[in-house]
Structure formats: structure tokens, C-alpha cells
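Based on the hints, put chain B in the right spot on chain A.
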Amino acid sequence: MSKKSYRQAINEAIASEMRRDPRVILMGEDVAGGAGTPGDQDAWGGVLGVTKGLVTEFGRERVLDTPLSESAYVGAAAGAAATGLRPIAELMFVDFMGVCFDQIFNQAAKFRYMFGGKAETPLVIRTMYGAGFRAASQHSQCLYPIFTHIPGLKVVLPSSAYDAKGLLIQAIRDNDPVIFFENKVQYDDIEDVPDEPYTIPFGEANLTREGDDVTIVAFGRMVKIANEAADRLEKQGISCTVVDPRTTSPLDTDTILECVEQTGRLVIVDEASPRCNMATDISALVAQEAFGALKAPIKMVSPPHTPVPFAPNLEDIYIPNADRIEKAVKAAMNYRVRETV
Amino acid sequence: MQLSRGDLLSAYRTMRTIRAFEERLHLEFASGEIPGFVHLYAGEEASAVGICMHLTEVDKLASTHRGHGHCIAKGVDVLPMMSEIYGRKDGVCGGKGGSMHIAEISKGMLGANGIVGGGPPLICGAALTAKILGNRGVAVAFYGDGGSNQGTTLESLNLAKIWNLPILFVCEDNGYAEATAASYAVGGSQVKRAEGFGIPGVVVDGNDFFAIYDAAREAIEHARNGGGPSLLHLKLGRYYGHFEGDATTYRAPGEVDRLRAEHDCLKRFRNRVTEASLLEAHELDAIDGEVEKLIDDAVVHAKAAPLPTEADLLADVYVSY
Numbered sequence: 027m028s029k030k031s032y033r034q035a036i037n038e039a040i041a042s043e044m045r046r047d048p049r050v051i052l053m054g055e056d057v058a059g060g061a062g063t064p065g066d067q068d069a070w071g072g073v074l075g076v077t078k079g080l081v082t083e084f085g086r087e088r089v090l091d092t093p094l095s096e097s098a099y100v101g102a103a104a105g106a107a108a109t110g111l112r113p114i115a116e117l118m119f120v121d122f123m124g125v126c127f128d129q130i131f132n133q134a135a136k137f138r139y140m141f142g143g144k145a146e147t148p149l150v151i152r153t154m155y156g157a158g159f160r161a162a163s164q165h166s167q168c169l170y171p172i173f174t175h176i177p178g179l180k181v182v183l184p185s186s187a188y189d190a191k192g193l194l195i196q197a198i199r200d201n202d203p204v205i206f207f208e209n210k211v212q213y214d215d216i217e218d219v220p221d222e223p224y225t226i227p228f229g230e231a232n233l234t235r236e237g238d239d240v241t242i243v244a245f246g247r248m249v250k251i252a253n254e255a256a257d258r259l260e261k262q263g264i265s266c267t268v269v270d271p272r273t274t275s276p277l278d279t280d281t282i283l284e285c286v287e288q289t290g291r292l293v294i295v296d297e298a299s300p301r302c303n304m305a306t307d308i309s310a311l312v313a314q315e316a317f318g319a320l321k322a323p324i325k326m327v328s329p330p331h332t333p334v335p336f337a338p339n340l341e342d343i344y345i346p347n348a349d350r351i352e353k354a355v356k357a358a359m360n361y362r363v364r365e366t367v
Numbered sequence: 312m313q314l315s316r317g318d319l320l321s322a323y324r325t326m327r328t329i330r331a332f333e334e335r336l337h338l339e340f341a342s343g344e345i346p347g348f349v350h351l352y353a354g355e356e357a358s359a360v361g362i363c364m365h366l367t368e369v370d371k372l373a374s375t376h377r378g379h380g381h382c383i384a385k386g387v388d389v390l391p392m393m394s395e396i397y398g399r400k401d402g403v404c405g406g407k408g409g410s411m412h413i414a415e416i417s418k419g420m421l422g423a424n425g426i427v428g429g430g431p432p433l434i435c436g437a438a439l440t441a442k443i444l445g446n447r448g449v450a451v452a453f454y455g456d457g458g459s460n461q462g463t464t465l466e467s468l469n470l471a472k473i474w475n476l477p478i479l480f481v482c483e484d485n486g487y488a489e490a491t492a493a494s495y496a497v498g499g500s501q502v503k504r505a506e507g508f509g510i511p512g513v514v515v516d517g518n519d520f521f522a523i524y525d526a527a528r529e530a531i532e533h534a535r536n537g538g539g540p541s542l543l544h545l546k547l548g549r550y551y552g553h554f555e556g557d558a559t560t561y562r563a564p565g566e567v568d569r570l571r572a573e574h575d576c577l578k579r580f581r582n583r584v585t586e587a588s589l590l591e592a593h594e595l596d597a598i599d600g601e602v603e604k605l606i607d608d609a610v611v612h613a614k615a616a617p618l619p620t621e622a623d624l625l626a627d628v629y630v631s632y
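Residue numbers (the numbering used here), protein chains in the order written: chain A, 27 to 367; chain B, 312 to 632.
So that you can see chain A by itself, here it is in the shape it has in the complex (with noise of 0.2 Å):
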């Protein structure tokens, strides 16, 4: 156990698991950097450096940089696939995922259940999602629900470095594709990660903290928000039950359910934009299965309904934050059932 960045984190799941298994390839734009210049051979490591020091390890017939062109190089992981290696593909930022989402939503999420059953496609598509980078509206979005849409994709979404690489390797290992969120403004978040490889299920839901109030679920980086907000909270008196529940698809109802049950009161923070993301989700689930435990509505904290804004004060406006949470939860609260005469 060491203080690892989850950058760090990240990095090593991927080096161990290329280690272990010769089959697992590394492939994306500037995954290495500098390959066919006259300067450094592994220049980046990525835009933001999460892959550095793989190319120098695993060599270039491993470790591919492309062209910039994601169609090609997406659906030619999904085949490599499909015929016997086990690619990381990295699409830089999520937001350019439009130009290859035919690979990944009509070919490598189908083959399976179009084939009969027969074909396995075990594919991981890194990504970087998420606002707070200053980066404007092509490079923050959260899109991770519109995967979760997809049958045949597991979506994830690790909250910590120690998250990060227990479910990056458990997704390397999966047989089904996997596309895997990293939060770009949480790369340099330090925490104890062990330095062995070591696996996180999928579908099982982390509770960092339990409280008899309110139940907040959030995801990704959202969940050390919504434990900012908790501890506040806890200091006035009201305890809370937060669940990260690690992956949006497999999703672990179950544990939302109970612990909605338990507390009588739900909060759901998402980054993803509010119409018909995990937050509206799980509202109809715990509508439809936990009605009667309610004490109160449910209260949804998401960012407006627009592009992410570029200005900084906008941007920091846009996404949701502690005070929003932390006003969600008294209103949670505070409910009171009118009386009717």
C-alpha cells in the first residue's frame, strides 16, 4: 500500500494486466506519444500523461499510437476483440465518441447477442468525461448515460484511485466491452492504493459512509462531493448513507433499494446533464419498487439543462457542488405531507 495518484492508479491496473496477459494491447491518439517524430519516443502518455512509461515497457507493436481517427481505430479494437486480443482502446474525450459511436454501440456491444451467443468481445474503451477543466462544451461532457442506454456495454465509473484500479483491471479481464469513465479533474486525487493487482466487482455498489437520514447516491467524482456535503450535514445533525454505486450498467438496485428503505429519503447527484440520465434513472426505479418507503420526493441534483459554459465563474455555477447537495438533503428534510381537512 502506497499514496498513488489515480493517474498512478490507473496507469498500473494497465501495466499489470499487460504484463500478465501478452494478449492485452494499449491503443489510442497519442496513447505513447511522439510515434514517427524526431523527438521523444514517449512524449505524452496521453493528453494528460495517464499512459506514460507503457511504450518504454511494452514497445510500439503493443502500445500504438493512431491517427486521429477514431472510427478506424475503435472498430478495429472492437474486431481485434472479437478475433483474440484483449484491446484498451483510450477515446481521448468522451465528447468526440460521436464520430465512432457506430463501432461501439452497433458492432462490439451487439456481436454477442447478434451472434448467437457465440462471439466474446472483450474490449475496454478508457475515457475522459466531466467539467471543471475549463475546457468548454466539446471537451466536459458527461456521457456516460447515454451508454448505460446501450444492452451489451458495462459502463464505469470509478469515484477513487483505489477505484480506479480494482475495476480497471476487473473490466480488462471482462469478457464483454467495458467503457470506462475517468474523471479528467480527478487525476491528481492521492490515496493509499495498494501496489498488487486486485479486482472490484461489477454490480456491487460502495457505501462511503451510512447515516439513518437520507440516502444520497451520486457518481464518479460526484461521490466525494456528495461526502464533502455529508460531513456538513452530519454537523448539524443529520446523517447520511451515501452510495457510489461504481457502475451504471451492471447497476446494483438492490443496495439502492435497502438503503432508500432504511433512510426514507432520497438525493441523487449526477454530472450528466438532467433529462433522461442515471439521476431520472433512479428516481423511476425507486418510484416504481420503494414508493411506500418514501418520506419525502426525491431530489435530483444535476447540473442546467445546456452546454457546459467556458467562463470559469459559469462553469463553476454549472457544476453541481455541496451547497446544492446540502440544500437538497434539508428539503429532503424538511417535507412535510400537508394535512388534508
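Keep in mind that the hints were calculated from the coordinates and are not lab data. None of the values given here were measured: they were computed from a predicted structure. A few of these clues could be false.
[Unchecked claim] Partial list, computed: chain A residues near chain B (C-beta under 7 Å):
| hint | residue |
| --- | --- |
| 1 | 101 |
| 2 | 106 |
| 3 | 139 |
For each residue, glycine too, the CB sits at the ideal point set by N, CA and C.
Positioned in the frame of chain A, the structure of chain B alone reads:
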């Protein structure tokens, strides 16, 4: 040409099987018993067979909307194929794929594709697998003149070249992308497009089995020996509409009759081998009869085969959940 008598008989049998399969589907579709969309390959048999005769089980292919011919040429059994098109449980994809997604991974047939231009990127991946595993495998991307205009195809040409992948790109140009002419929709030339990426390309008469066979042998050996990708631009004709039920009002009067009378790949094959006394007409007639029987049996089997059950609906979405 280096074809043995056995090779010639086999080539004819496979082409005839594809033709009979497609002609029969045309009739059965009209009777209303086949669900969904069916896109027929009849008229293009020389391409699938002339190319796939050079492939082994380690080699992969990705197909198009018109996938039955490639499937048969790659060695997939006709019986489960027919069952699949009828949506039966014993179909090659368990009734989950249908005509547009017919596939048999174990035979290296990575699927017909419901998405025009969907196959070339996948074939780059299959070729990458062959290269990394070092098994001397080759991968073939079939696509039409319509698919040639998709960015995926152009991106794949580039990727194949820069990674020196063992790929044969085959543009099966039947002159129509759905109901729009290639002469209208394709700018420049297929061969020059390939050459623009540094990939050698050649135009081949798509109705001439022997010309295709020779060109494919050269290209596939080149790829197998580490020489990288190449392209064949085959000019051929489809005998039916884009899909079954298509009234083909966009085609010239008499166009298909002329294709059948003057350019049919099976007739040309038959004339060539009998005139050169390589095979006897009665041998080919015997194959015709055997193939008709095989297709009859497949249709009878498919119609009687059980449907998938409700439990099959949720099976195989994931390997495990």
C-alpha cells in the same frame, strides 16, 4: 490460373450454391414467410468465391448488407444459415441476427453488417490480431460502392497502410448504393483512392471468376507475406433490388436481363471450363441438381425448425452480468 479439377468443381459448386440459395430466397420472400429485410447477392458470386478460395479458417472476413454469399464462400453451412434467415432457434445465430447480421465467428466470418461501412474498421482489428499473434492470417473487408463513401472505409485504408496490416479491401461495385447510382455518388476512382493512401489497387471484371481468383491470390499472398494491404475494385451486377420487395424503378428497362444474358458469372465459368475441356457439362449439371436438393432441404428444415423461446430473448446480452 493454377486450379485443379477439384478446385474447379468446388468453385462451381460454391457459386451455384450461392445462386440457388439467393434465387430460392427471392421466391420464399415473395411468399411472405421470411421476416424482415433480405438483401440478395445473386449475380456477384464470382467475387465471394474467387476470393474466399484463397482463405483458410484462420483468415477473417467482414461482409456487407449482402452477406449470404460471403458466408457460404467462407464455409458456413447452408442449413443453419437458412434457419437463421427464417428466425429459427437452430439458426447460425440462434435466430438473433437474421439476414443482415448473419455471422459465424468460428469460421472467420465476422458478420454481414446492417451498417454500411461498418466492416472495414473491424477487419483492421482482425488483421491486427493476426499480425500480433503472428499466425500469418489475412483479413478481407468486403464493401460496396455505397460503403466506399463512408468515412470508416477511408479511415480504415489509412490505418491499414500505416500499420502495414494483412488486409485485402474488396469493393464490390454493383453500380448502385440502394437506389442511387455509383456514377453519381462516387467521386474519383476506387483504385486512385487506395493509391492515395499508398495502397496498390486494381480494377477487375467482377463477372470473371478466373480474373478475380488470380488477382486475389496475388493480393492475399502479398498480405500473408507481410506486404500489407491492397485493394480490388470489382465491377459486377446485382440481379435483384437493394432489398427484397424493392421495385427497382431506378434501373433501366432490360438492364438485368442483359446482365443475366451477357455477363452472368456462372455462365461464363461454365463456358470457359467446358470449351477448354476442363470439365464436362454433365458434371456441372449434376452439381446443379445436388445444390437444388440441398437448398430444398434447407428450406424444408428451416420452416419446420423450432422458434426461439421467450427465455432466449434475454440470453447472451452479456457474457456474464
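Hint status (Cβ of residue 106(A) to nearest Cβ of chain B, threshold 7 Å): This interface hint holds because 4 Å falls under the 7 Å limit.
Residue hint residue 139(A), partner chain B, criterion CB-CB below 7 Å: 5 Å, holds
Evaluation of the interface hint that places residue 101(A) against chain B, nearest CB under 7 Å: 2 Å, holds
No hint from the list above goes unmet by this structure.
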